[in-house]
Amino acid sequence: MADVVVTGLGATTPLGGDAASTWAGLLAGRSGVGPLTQDWAEQLTVRIAAQLAEEPSLKIDRVQARRMDRAEQIAVIAAREAYADAGLGDDLDRERLGVVVGTGIGGATTMLAQDDILEASGPRKVSPHTVPMLMPNGPAAWVGLTFQAQAGVHCPASACATGAEAIAWGLDMIRSGRADVVLAGGVEAVIHPLPMAGFASMRAMSVRNDEPQRASRPWDAARDGFVLGEGAGVIVLESAEHAAARGARVYAKLAGAGMSSDGYDIVQPHPEGIGAARAIKMAIRDGGLTGADVQHVNAHATSTPVGDIAEINSIRASIGDHPVLTAPKSMLGHLLGAAGAVESIATILSLHEQIIPPTINLENPDEGLTLDVVTGEPRKMQLDAALNNSFGFGGHNVALLFTRA
Amino acid sequence: MTKEEIVAGLAEILEEVAGVNPEDVTEDKSFTDDLDVDSLSMVEVVVAAEEKFGVKIPDDEVQNLKSVGDAATFVLNQQAA
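So the sequences go chain by chain: A and B.
The working numbering puts the last residue of the first sequence at 394; the count rises by one with no breaks.
The working numbering puts the last residue of the second sequence at 93; the count rises by one with no breaks.
Everything labelled a hint here was simulated from the structure, so no lab data went into it.
Treat each hint with caution, since some may be false.
List of simulated lysine-lysine pairs, DSS-like, C-alpha gap at most 30 Å [stated by the list, open to error]:
#1 Lys270/A / Lys242/A
#2 Lys114/A / Lys64/B
#3 Lys114/A / Lys68/B
#4 Lys369/A / Lys270/A
#5 Lys114/A / Lys78/B
#6 Lys68/B / Lys242/A
#7 Lys242/A / Lys114/A
#8 Lys15/B / Lys114/A
#9 Lys64/B / Lys41/B
Pairwise CB distance ranges (calculated) [stated by the list, open to error]:
#10 Val52/A / Glu17/B: 22 to 28 Å
#11 Glu62/B / Asp79/A: 41 to 47 Å
#12 Ser190/A / Asp36/B: 48 to 54 Å
#13 Glu16/B / Arg238/A: 43 to 49 Å
Note that beta-carbon positions come from the ideal geometry of N, C-alpha and C, so glycine has one too.
All chains should be built: construct the whole structure from the sequences, respecting the hints.
See the structure below:
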């Protein structure tokens, strides 16, 4: 079975328009959360979000941009960066290039905008680009089109586990011999009153409107829900053989993946994190390691009262009490379908640079937090194996095991 | 409205919708063969033209409007009607 390595990184997030600025923001402990100043936000109970640091439509050809949902635009932006970062050129065999780019919600803002047109002006005014803009496979398809990928273009959808699941399927594509190179990741761009109102009605989001930068506070006793964010993360996965043959720089090895489902509740995670623990164990076993080898967990930790502690339980049950944790959502907000991909980039860079970014806003730890979390300054330490966790509404659990190159 | 004004209006629409250089939009040009306007963009052009010129362009008429001149003539006749 082929070894799979990471050779390229691309992102656009609330902390920056590329992977490097996002990583710098994470190391600096900077919050990407701010107030929503749009008129429509006034009526909402939640009026904060982590919006993109750079407007994506300015980075895409104008005519092409008007045929693309925001989620599709950021998919192409992140994929372009990852492809260039990997040093891939025009000579790549397109029949051996695959794409796995997922989204949690897809082109919801297009659907809602076109519904407004339908209601106001009738069906004839609905854009002929509506369907390719709102279809959930649109971001993956646009990435595939941009690079003429012909080994298969896929779009997993597992809510907030999507980005990680996409990377797991990318691993599978290369291991099974269907591709040499895969652009894998996730995207989300649904900062719009309807999704905001829906999450708010679930009481899943923080209502700390007066202190946006302090709203996302994983494991803090005063946490009151997640903060919605938007962004994209795409990485280049490549068979180690293919990467070595072209002398590519390797950031880290994707050693293993674990995926499980809770079979418990459509929204709530299993309180003891049993399904999550199974995914973590699977990833570690898949990578040929044991829990003792895993020094760091880049946690899912969304800042919700139930989920944060369930994850602690699952980490203790599957790995032990030794891993050092961090929660990038304290700074990025929750990027939903992009979260697992952007946070994988952070995990990969932690291994590459031997440093863990801090978790911000963890002022009074919940009594259920029984593991070591990096706070304040980033922590330099030897890292040989690190895990990224992502869990999603629907009971999806994905764990990715990365090891030092 | 003169035919020249209609062609100029179509050029504005084509630039917005399909990125066509307005200078390329002349009566003799075919939408698909010369200006690279694909079928989805053509739908947008028709809807925008209806709005801009205050006319109705029935779907079964669109296939007859092969060139910019065809479209301008059709709009002119509709406006006169």
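Here is what the structure says about each hint:
1. Lys270/A / Lys242/A: holds, 18 Å
2. Lys114/A / Lys64/B: With Cα atoms ~13 Å apart, Lys114/A and Lys64/B stay inside 30 Å; holds.
3. Lys114/A / Lys68/B: Roughly 13 Å between the alpha carbons, so the hint for Lys114/A and Lys68/B holds.
4. Lys369/A / Lys270/A: Distance ~26 Å between Lys369/A and Lys270/A Cα, so the pair holds.
5. Lys114/A / Lys78/B: Given pair Lys114/A, Lys78/B holds - Cα atoms ~22 Å apart, limit 30 Å.
6. Lys68/B / Lys242/A: violated, 60 Å
7. Lys242/A / Lys114/A: violated, 50 Å
8. Lys15/B / Lys114/A: Holds, at roughly 25 Å.
9. Lys64/B / Lys41/B: Holds, at roughly 20 Å.
10. Val52/A / Glu17/B: 22 to 28 Å: At 24 Å between Cβs, range holds.
11. Glu62/B / Asp79/A: 41 to 47 Å: holds, 43 Å
12. Ser190/A / Asp36/B: 48 to 54 Å: holds, 51 Å
13. Glu16/B / Arg238/A: 43 to 49 Å: At 59 Å between Cβs, range violated.
In summary, the structure is inconsistent with hints 6, 7, 13 from the numbered list given earlier, while agreeing with the others.
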